[in-house]
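Heads up: the protein sequence lines correspond to chains A and B, in order.
Here the working numbering is used: position 65 in the first sequence is 65, and no number is missing along the way.
To get the working numbering, take the position in the second sequence, counting from 1, and add 106.
Treat each hint with caution, since some may be false.
Restraint ranges, calculated between C-beta atoms of paired labels, are given here [to be verified]:
(1) A:S106 x B:K363: 48 to 54 angstroms
(2) A:D43 x B:K146: 22 to 28 angstroms
(3) B:A360 x A:A102: 21 to 27 angstroms
(4) A:S30 x B:T361: 29 to 35 angstroms
Keep in mind the hints are simulated off the structure, nothing from the lab.
Beta carbons: idealized from backbone N, C-alpha and C, even for Gly.
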Amino acid sequence: MDFGSMASGLGLGEDDFKELADLLVTTSLSDIKKLEKGVASGDQNKVAQAAHSIKGAAGNLGFMDISAIAARTEAQARQGILNEVKDKIQIIKNCLDDISSALKIS
Amino acid sequence: MKKNQPFVVLAIDDNLLNLQVIEKSLTKEGYRILTAYNGKKGRELAVRKQPDLILLDIEMPGEDGFHVIKLLKEDPATAAIPVIFLTGVKGVKSKLRGFELGAVDYITKPFHPMEVLARVSIHLKLSMAINSMVLIQARKLRQITDAQISMLPLPKDYPDAHFGVYYKALEEAGGDFYDIFNISDEIKGYFVADFSGHDIKTSYMMASLKALLAQNCTPVYSPMESMKMINAVLVEILPKIKYLTACYARLNRATGKLTLVNAGHPPVVHLPLGKDPVLLRSDGDILGMFKDAQFGIYHVNVAKGDRFFMYTDGLVESAENKITWSRGAESFVPLFKDVCSTPVEEAPSHMMDELLKAGFAPEDDIVILCVEV
């Protein structure tokens, strides 16, 4: 994960970018808890809102893989489709773990 | 000297990361950022702090962006503040609704920080143009008065600008000019100019130039835009035979970027810390003569401890020896390295002392401005 290039592409310094990436992991994990609660209670709006939040935040920092999965989750939730959310949550969690690991190394 | 106030942008978004991205990217370009994580708090801040522009998320729990902008536009205290929507919703209907409610622009998420910066800049410029005709006139008059009181700033007036200066007019009514100004906490402007001719009118024109710098060298305008606007006014107000050469340096200590705009002026000397000095050449038309003047621009990355020197042609030209600045500047370059260990406030004077000891005989006004990053 080349934080330097990602930072430079956004016009930010690398230290600022890493700080934001760390914050992304924190806020996204919090949004994931909301996703899980939404799935458990069958609340598609709650799921859609949480996915929307992850989509925007990840996309703003250039983590387009996470953003794309969250976008798909949001779209399905808005149609009432919640049975695939658990799998998507796990993929997002894996991506966040990768970011955390990369931050620790850098 | 009154410090320029930075533009204030209020960002309202329920996502903390989005607020942080906006804050980091705009703060380093000279803006002051206020943040609110919901609509109610955002409205309260807008009334209390009167920001210059609002960035507003649409999809928020509780009061959504449409509700917030409706209330902002109904309140006389906040009605005139331009609002830009930030939204992940792409439909045309949503955008039209936003415009009908009074938004001036949309930025779709995920947003690129540099796009946010560009749109904030554009809309602040428009806002100033629409709302501040009277304000600008009043400011002009106040600043011309201020300028006449103290024309040429000294290092003690701007301790954060880290500079030293040598100024000497050959005759009573000098034609050389320099100015230092705060564009924001981390961004400083340095300007050196040389008016053609030495007469009483020159001092009045210098006061006007000082006021123009204060009005046009702000975070929303790029250095080139500032120079072009200043040129446009000078073309209107200067007598036909009058012109000036000038160099405008904008230094952003937060990003380490130095931008130079050159209007027919001798090149800036960059002295990177521990390295040899380099002439930064960029040719440009003179200021105040041509409406469609083209100016030279130079971008350079600088680091803490680097220095750069701006000066007028009196230092490097000699009519007696038939040396113009384009050739003379090259021969003076090593001299700038000789003062690399001298404290920045004393470096220009020290340089002149050495030159005078070596038999240098000034034939014109001289300004030497040394800035340390």
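Now the hints, each set against the structure:
1. A:S106 x B:K363: 48 to 54 angstroms: 24 angstroms Cβ-Cβ, so the 48 to 54 angstroms window is violated.
2. A:D43 x B:K146: 22 to 28 angstroms: Check passed, 24 angstroms falls within 22 to 28 angstroms.
3. B:A360 x A:A102: 21 to 27 angstroms: At 26 angstroms between Cβs, range holds.
4. A:S30 x B:T361: 29 to 35 angstroms: Given range 29 to 35 angstroms: holds, Cβ gap about 32 angstroms.
In summary, the structure is inconsistent with hint 1 from the numbered list given earlier, while agreeing with all the others.
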